[in-house]
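S.K.: Use the sequences and the hints to build the structure in full.
The residues making up each chain are set out below.
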Amino acid sequence: MTKDLIVQHGLTEEEYQKIVTLLGRELNLTELGMFSVMWSEHCSYKSSRTFLKKLPTDAPHVIQGPGENAGVVDIGDGLAAVFKMESHNHPSFIEPYQGAATGVGGILRDIFTMGARPIALLDSLRFGPLDSPKNRYLFSGVVAGIAGYGNCIGVPTVGGEVYFNEIYNYNPLVNVFCLGIARKDRIFRGWASGAGNPVLYIGAKTGRDGIHGATMASDSFDEGSESMRPTVQVGDPFTEKLLLEACLELMEQDLLVGIQDMGAAGLTSSSCEMASRAGTGIELELANVPRREPSMTPYEVLLSESQERMLLVAKSGREGEVLDICKKWDVDAAVIGRVTNDGFLRVKEKGVVVAEVPARALTDNAPTYERPADAPAYQDALQTLPLELVPEPKDCNAVLEALLTSPTIAHKGWVFEQYDHMVQTNTVIRPGSDAAVLRIKGTDKALAVTADCNSLYCVLNPYTGAASAVAEAARNLVCAGARPLALTDCLNFGNPERPDIMWQFILAVEGIADACKALQIPVVSGNVSFYNETRGLSIYPTPIIGMVGLLDHVEQAVSQGFKAEGDAILLLGETGEDLGGTEYLRAVHHREQGTPPVLNLEREAALQRVVLQAVEQGLVRSAHDCAEGGLAVALAESSLSATNGPLGAEVVLDRHGLRRDSLLFGESQSRIILSVKPANREKIEVLARQDGVPCSVLGFVRGQRLMISIRDDRGGTALWIDRTCDKLDTMWRGALRAALDTGEGGHA
Amino acid sequence: MSISLRVGILVFPGSNCDRDCQHAVSQVMGAKADFIWHKESMLPHVDAVIIPGGFSYGDYLRTGAIARFSPVMAAVTRFAEAGGLVLGICNGFQILLEAGLLPGAMLRNRSLSFLCKDVHLRVENADTPFTRRCKPGQVLTLPIAHGEGNYYADQATLAKLKARNQVIFRYCTKDGEVTPEANPNGSLDNIAGIVNDAGNILGLMPHPERCADALLGNEDGRLILLSLLEAIKSGRYAPKPVLAHNVS
Amino acid sequence: MKAKVSITLKRGILDPQGQAVLHALSSLGYTGVKDVRVGKLIELDLATHDRAGAEAEVKAMCERLLANTIIEEYRIELME
Amino acid sequence: MKAKVSITLKRGILDPQGQAVLHALSSLGYTGVKDVRVGKLIELDLATHDRAGAEAEVKAMCERLLANTIIEEYRIELME
Ligand SMILES: Nc1ncnc2c1ncn2[C@@H]1O[C@H](COP(=O)(O)OP(=O)(O)O)[C@@H](O)[C@H]1O
Ligand SMILES: [Mg+2]
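Residue numbers (this note's numbering), protein chains in the order written: chain H, 314 to 1061; chain Z, 210 to 457; chain X, 12 to 91; chain P, 12 to 91.
One thing to keep in mind: the hints can contain errors.
[What the hints assert, rightly or not] Computed Cβ-Cβ distance ranges for the label pairs, DEER-style:
id, chain 1, residue 1, chain 2, residue 2, range
1, X, ARG22, H, GLN321, 49 to 59 Å
2, H, ALA508, Z, ARG287, 52 to 62 Å
3, Z, GLY239, H, ASN601, 42 to 52 Å
4, X, LYS21, Z, ARG287, 26 to 36 Å
5, H, ASN601, P, LYS45, 19 to 29 Å
6, X, SER38, H, LYS1040, 22 to 32 Å
7, X, LYS21, Z, GLU386, 25 to 35 Å
8, Z, THR350, X, SER38, 28 to 38 Å
9, Z, ALA291, P, GLY43, 29 to 39 Å
10, H, ASP444, P, GLY43, 46 to 56 Å
11, H, GLY849, Z, GLU386, 51 to 61 Å
[What the hints assert, rightly or not] Derived lysine-lysine pairs resembling DSSO-like cross-links, with alpha carbons at most 27 Å apart:
id, chain 1, residue 1, chain 2, residue 2
12, X, LYS70, X, LYS21
13, H, LYS758, H, LYS497
14, H, LYS518, X, LYS15
15, P, LYS21, H, LYS447
In case anyone wonders, no lab produced these hints; they're calculated from the structure. Here the structure is a predicted model, which means the values were calculated and not measured. The beta-carbon is built from N, C-alpha and C at its ideal position, and this holds for glycine as well.
M.R.: Structure (structure tokens):
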């Protein structure tokens, strides 16, 4: 094996030697290809594995934690929630529509491979600013791709998030989350058990798609990447819909021993992972693999990342029934091998062995690294924010308008109206509130879902930023009336071979772990995406948290919009001088610096307890967490999100010695705005007092204007924000479209 | 609702509102709902047929273009010719157009993007088996979710549709005004739903099954489903038995 | 032999896709474009070598499936 | 003059639409169709009469906007 070939396959000399030692011989090219993908960062988690062990993964309701295709938690009534999140960043940069579409296809397969019917999707997106034509092209292409796939297959996309920042100019992020529901006693796993059992291939035919996709995802971008054309995969949601129905029917008929989707590294990863989990081997005959293109080599067939394919291990003697069901759904299917008990993945082409390696050598024996980690030299400077250089705004109306029209805060209707967010008729709370809520038919329950991360907080302080992402996700669920059950993460970082990036990663994982422990939320699945770096510039650390919560009674679901004139507006939690890392500082003062808002996990837990109790006692008409843009933006959002058109608010804030901008636009954590019937106000105050959570009455839902006054410490009151709801509504709802409509099109 | 009413819901490869329709008809409205597989060449005993939304055959080539050749569509055509009630929702409407059971054709939305949101509809004709529970001119709120709902027909066809009151729903403002701004997809004359000559086949783009259940915050879709079920009950739309030798 | 079927919207039917492309081209500075129409191109690979037979068969495919003649018109080209 | 741009998926790239049409044609009884590829057809109406200039310009339009050269290839035909 030449050095060049080894390097081209993304392996180091030491890694190659390790393989030779494992096998006791040199590899052939096909085997080199197999190791190259399985030992890539993407498949092996070699830089992250050690640290991910810090995440808490246990709780009584956890049925399946990390390590399978998706995590599974018990939700009662004999049912389980199955969910996971995954990144498709690099493919979406190369071809936004197909990259995003196939990302959706992949995460859906991860869910239905576990025996669950997918019921919801979320998408977390990061792009450079929309004043660049290229970013507009990427953003609209990605949204269209997600819509194209999710809408066709009939799984509603019910939420997500979008942030815009220069740092994503050359490395946008596309993370997709999927939630499914399965019968608790019928969870399927990727296990190739039982020597002699037949191995079947079902789904789309294999072509030369995405060969080396997995290694590509583990590689930084350079100028040449945009021309890596042959690797682009095209999604076929129609085929996936048939595959989904066929798989669920196969599971219903109890014909399967194990099943796994063919994702990154296709046939290679699915077969060696299934064998390795079960401690068995698999023997494949490639000649039986359905193909789309002539004269493919074993190397290509094994590494192809053609979409919409599954690998099954059927019960012995039942393969005929499997083939029949596939035929009913017009899904291609073939027996391509059998389970053995020698621990080898043995691949034949027309009877001739073309690769033969221990399955575990490809999976468990992959190297792990504790790469050097160190804070970057610029970190201190980044965290310094001389507040005296930030003038207090004179015109707070203008600041509010600037924030409401900042694409990161602006209403995301342009995005989610392209998504079918109602199909399956479960969407009780639609996108546009803190969390979406889906009823579970046949029960009284509902699930709430959200995805969150503020990566500006994370670059300023990876530990606090990541912990805040967990806290915010949980807070969003609680605002919807749900008790957080578990989370999945998608950790997007730069190049792990750089000490500063490893430092960010390790701190972020610790932040997530500590927040999970404090809030008692286990991690049940996740994904790491490293090498989000172009021309030496890394993205901000972006550990996105997808979280699922349970409502025992669907009627309890709460949305963020005000409900009725006269309701009292309450603030739970406390406002401090938290301007570092805020959207206000970024959008108005063009500074990305400071320390992110302080997060006190005990206070956060208390706040969430109080709000949940209030919701469960039926005291809450609306709930909304204070996030980007602070109190003023949160009030505006509640006002503008009222179901039948805006409802105004009259609010007075006590100064408490704070700067005006901190009070209005600061992003202190652990704050939730409630609106309640005046008669229920006291009951909530009692609940809050019991748990030591500050609770203040800010004002009332009233009229058609948003009016926010500030009472200074001497008792004088001045009106700082006063705008008609209609004006704010038009600006907020129109901003994203306006940003997209400016300038020329094209994707050059 | 009497338990004897049976609604058949077609299932094509790529249908994705089939289960939603079944839930609305059976769990919400209390009638019986049976799935009918696209490969069936005979309908089982049903009192009405719903062609649900979705992306039959992936919407490849044109929406509804491939589905209309399914064996089941020949059976639906015979059922409709014998007077049976057929309701096509969204992709179901598109299939009915392609099959020639309703006049006109569907173009891509003017915006070129898929659009999912609530819209207002004015009931233009409350004297049909699908709208008898509505008041003439009543404004309903229903969700749409489609990429191709831009209805088109030539001038002669449009004139005929209007003359015979076959336009059943138009997109309108919340006060019932039919304006260009209220038109979400560019459809001709703000048309959202039409019936055939005989009045027993309705196609509409909005989704009544998505707003039949109070839990989802809006029950306007019930009016359409209830109308359909009551029309069946009235006995006026029982398909006439067709003798085998009469089928040409 | 091969058949190439070009399917376009009939004249008189608004082509929003064409309009969008026209708009995008002009904002990219291609102001010399007066009109744009977007259609479909279907390439068929046929087993037969009989030209007349192929022509008739492809025409039938167009009428039945490939084109919707209410809104579209089609043109067939055959080549070996 | 007019330009006709034919845009097709590159060989090797999956064409789900073509496969669906192939399948539909064969179940309609057109079993002599061996393969189907579906592409786009863009007809441009140009102000110029300069053939060479038009060719270069349309090529630029294809590269920048009309074709997605990562997965598609294009062919340009010009006519008066
Ligand atoms: N990419 C997206 N896809 C679908 N819905 C989105 C997307 N981005 C934002 N939304 C929806 O818009 C609303 C506001 O989003 P965001 O500002 O991130 O809320 P929050 O700060 O409360 O998490 C949420 O309901 C969210 O689900
Ligand atoms: Mg958020």
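S.K.: Does LYS497 (chain H) sit within 27 Å of LYS758 (chain H), going by the straight-line distance between their CA atoms?
M.R.: Holds: LYS758 (chain H) and LYS497 (chain H) sit about 15 Å apart, inside 27 Å.
S.K.: At the C-beta level, are ASN601 (chain H) and LYS45 (chain P) separated by a distance inside 19 to 29 Å?
M.R.: Holds: the Cβ-Cβ distance is about 23 Å, inside 19 to 29 Å.
S.K.: Between GLY239 (chain Z) and ASN601 (chain H), does the C-beta distance stay in 42 to 52 Å?
M.R.: Hint holds: Cβ distance 50 Å, inside 42 to 52 Å.
S.K.: Does 26 to 36 Å hold as the CB distance between LYS21 (chain X) and ARG287 (chain Z), or does it fail?
M.R.: Between LYS21 (chain X) and ARG287 (chain Z), where Cβ atoms are some 32 Å apart, the hint holds.
S.K.: Mind checking the alpha carbons of LYS518 (chain H) and LYS15 (chain X) for me, to see if they're no more than 27 Å apart?
M.R.: holds (25 Å)
S.K.: Against the 27 Å threshold, does the CA-CA distance of LYS70 (chain X) and LYS21 (chain X) hold or violate the hint?
M.R.: Roughly 17 Å between the alpha carbons, so the hint for LYS70 (chain X) and LYS21 (chain X) holds.
S.K.: Return holds or violated for the Cβ distance of ALA508 (chain H) and ARG287 (chain Z) against the range 52 to 62 Å.
M.R.: About 54 Å separates the Cβ atoms of ALA508 (chain H) and ARG287 (chain Z), which means 52 to 62 Å holds.
S.K.: When you take the CB atoms of THR350 (chain Z) and SER38 (chain X), is the distance between them in 28 to 38 Å?
M.R.: holds (37 Å)
S.K.: Quick check on a hinted range of 49 to 59 Å for ARG22 (chain X) and GLN321 (chain H), using CB atoms only.
M.R.: Roughly 54 Å apart at Cβ, these two residues keep to the hinted range, so it holds.
S.K.: Would you say the C-beta atoms of SER38 (chain X) and LYS1040 (chain H) sit inside 22 to 32 Å of each other?
M.R.: Once the Cβ atoms are compared, 29 Å apart, the range 22 to 32 Å for LYS1040 (chain H) and SER38 (chain X) holds.
S.K.: Determine whether the Cβ-Cβ distance between ASP444 (chain H) and GLY43 (chain P) falls within the hinted range of 46 to 56 Å.
M.R.: holds (54 Å)
S.K.: Given the hint of 51 to 61 Å, check if GLY849 (chain H) and GLU386 (chain Z) actually sit that far apart at their C-beta atoms.
M.R.: holds (58 Å)
When each numbered hint is compared with the structure, no violation occurs for any of them.
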